[in-house]
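Generate coordinates for the entire structure from the input sequences, incorporating the hints supplied.
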Amino acid sequence: MRQRLEQDNPTATSAPSASLWEKLGERVEEAPSEPALNLWAILGAKVDFAKYKPKRISDYELTEGKTAQGQVYYMLKNPAASTYLQLGPQELFLWNMMDGEHSVKDMSIAFLLKYGALPIDLIINMLATLQNKAFLEKRPVNLYQKTTQTLARRALQSKGVLYLTALKVMAVILKAFFWMLGGNIITLRKIDQSVGALYRRGGKLLFHPVAQVAYILLVVLGLATLFMPSGAKGGATVGFSTIAFIYLGLFGIILVHEGVHALTCKHYGREVKEAGLSFYMGTLAAFVDTTDMWMEPDRKHRMAVSWAGPYSNLILGAACSLGIFLSPWPQVNAVLTSLATVNFLLVFMNLNPLLEWDGYYMLMDYLEIPCLRRRSLNFVRKQLWGKLKARASFNREEKIFTVFGLLAGLWTAIVLVMFAIFLPQRIIGWINSLSWLLGKILSHF
Amino acid sequence: MGKVTDLLVEYTDALLQGKPIPKEVEPELAAEFRPLWATVEFLHRVLRPAPVPSELAQRLENRLAAEWQKRQEKPASIPQALRQALEQLIGRALSDEGFRAQLIEDPEKAAMGLGLTLTPYELAALRTMDAHKLASLIQDLDERISKTSLDPTNLSGLTDLMER
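If you read the sequences in order, they're chains D and F. Using this note's numbering, you'd call the opening residue of the first sequence number 5 and step up by one each time. Using this note's numbering, you'd call the opening residue of the second sequence number 3 and step up by one each time.
If you are wondering where the hints come from, they were derived from the structure by calculation, not from laboratory data. Treat each hint with caution, since some may be false.
Which stretches of chain D does chain F cover? Using the computed rule of at least three CB atoms under 8 Å from a CB of chain F, they are [claimed, not checked]: (1) 82 to 96; (2) 209 to 216; (3) 286 to 293; (4) 356 to 368.
Keeping only pairs whose Cα atoms sit at most 27 Å apart, straight-line, the calculated DSS-like set for lysine-lysine is [claimed, not checked]: (5) D/K118 / F/K111; (6) D/K179 / D/K118; (7) D/K137 / D/K57; (8) D/K163 / D/K137; (9) D/K59 / F/K111; (10) D/K208 / D/K118.
Residues from chain F that face chain D, not an exhaustive set, calculated with beta carbons under 10 Å [as the list claims (entries may be wrong)]: (11) S97; (12) E145; (13) S151.
Beta carbons: idealized from backbone N, C-alpha and C, even for Gly.
Rendered as structure tokens:
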């Protein structure tokens, strides 16, 4: 190359101010550069996992908690991305080393010296999880995965337009199906400030000890009058106003249920991430996101947030029951009966832990097993039969996973089948209700 | 660190009973436990010709136990040679899953595969690696979404009321 350069420009070597080509030619002849300037060394270092220096994000929140068995754990939050992760002391040791200065190899050796164990699998899994949850500053691109995806896409494209269209239609149908199982319809993202203001301007009184005593008295009285005869004489005539009041009452019940979840979350100083309207297992549902409660170390406080919703329904149901007992008006009783039914149904429905209603979160906190549902179903699917065949012993978690996984799997299957069977009927029901309401409204004008 | 504990116990026993110290034990201990080694060596040199007084033997045992406890709590600084060997081994293990399994299964064979000749102490240190000792608690967390069904026609008996 040098020769070729000299042939191209015979005066080059002698001139002190050389051309670009000359300079390049000289550089080629030079001894191998320092590792920092050597392209191959730099590339080698970039793709060498052992030399990778992970750097954690600078803005994060960390709280320490302890399980009932005394096991220390840490909750990590990325406020910008609203992501959360639980770490053990060993992972925290690695997390603290992720300052962009220590390589994976350094971390492995330090870990080995401290814990006497080789953490390679732990580090690989941890880095993948941290990356997915946006806890690392530079998120390395998974080049191989992207290449595989591109190749798969090209392979599909070569199959022809008809094939692709059929796939797209199927994808849309599946997307709609999964949306009805758990997709959001309306999401209010900046609700935390409003809930905070509501809490400060009177919401906190709901948590006053006097209020707590009043709730208990109301529940006791309401449940005591549940099976007593009503004070009203004669039957009710169901008209538009009755139905309208029931609808208003339902709206109020839902607002109270979700509102107390949010207010209890604020009571413990945590953030209400969002609220809105969604589908869950084919049912329309209002929702409040209280994921930030993971940062609360006391599991009783987390359970209190989940319990607040069904408890509000119990109180409202008891109040309706007391109202039915005291009210002499049949029309009012018709409304109250409907609302009491809804409230008591909501208590039972929400306390069922087999789907992700409030009862599930309470059970998960009580057992101190995050992702109980997913892990149980995974255990049943991937490990249970192998363990049963081998007649292996089960530890505490595995016993819980087995029982919960089997029950939750069965219940989910039942709900999904019911959803698929009754979906047309349900849609017709919604249409009928709406047309009935519209008809009534129009008839008033 | 079982191997090193054994060596320390062996040394202490030999010291206390006035027996000769196994030659191969000395440099291994000396490399890692230098301050302790100095103490023990001094005592050994002074006391070996005569039977060790029981009170002193007790103090010596306590001293060894305390030193050992301290070492367990705060890992000793690793000798440079072992660190280099570890770096090579771990560097390879990080990029080679098969090698990683071999390193956990048989560190001596894995080290030999890389052309490393490790001293008995280094091997003893590597053998303390326990892949199953890790109690990983890293855990993704559920989204906590409270939901209330908005299916009034099903829940409230409204359909029945409308049909009446």
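For each hint, the structure was consulted:
Check on the region 82 to 96 of chain D: 8 of its residues sit with their Cβ under 8 Å from a Cβ of chain F, so the three-residue criterion for coverage holds. Given as covered by chain F, the region 209 to 216 of chain D fails the check, having 0 residues with a CB less than 8 Å from a CB of that chain where 3 are the minimum. For the region 286 to 293 of chain D, the assignment as covered by chain F holds, since 7 residues bring a beta-carbon within under 8 Å of that chain's beta-carbons and 3 suffice. Check on the region 356 to 368 of chain D: 5 of its residues sit with their Cβ under 8 Å from a Cβ of chain F, so the three-residue criterion for coverage holds.
As the CA atoms of D/K118 and F/K111 are separated by approximately 24 Å, the hinted pair is consistent with the 27 Å bound. Using a Cα cut-off of 27 Å, the hinted pair D/K179 and D/K118 is violated, with the two alpha carbons roughly 48 Å apart. For the proposed pair D/K137 and D/K57, the alpha carbon gap of about 18 Å is at most 27 Å, so the pair holds. At roughly 35 Å between alpha-carbon atoms, D/K163 and D/K137 are farther apart than 27 Å, so this suggested pair is violated.
For the proposed pair D/K59 and F/K111, the alpha carbon gap of about 34 Å is over 27 Å, so the pair is violated. The straight-line distance between the Cα atoms of D/K208 and D/K118 is roughly 47 Å, outside the 27 Å bound, and the hint therefore fails. Annotation: F/S97 was flagged as interfacial toward chain D, and the flag holds, the nearest CB pair being 6 Å apart, inside 10 Å. Hint status for F/E145: holds, given a least beta-carbon distance of 5 Å to chain D, under 10 Å.
Contact between F/S151 and chain D, as hinted, is supported at the beta carbon level, the nearest pair being about 5 Å apart and thus within 10 Å.
Against the hints set out earlier in the document, violations occur for numbers 2, 6, 8, 9, 10.
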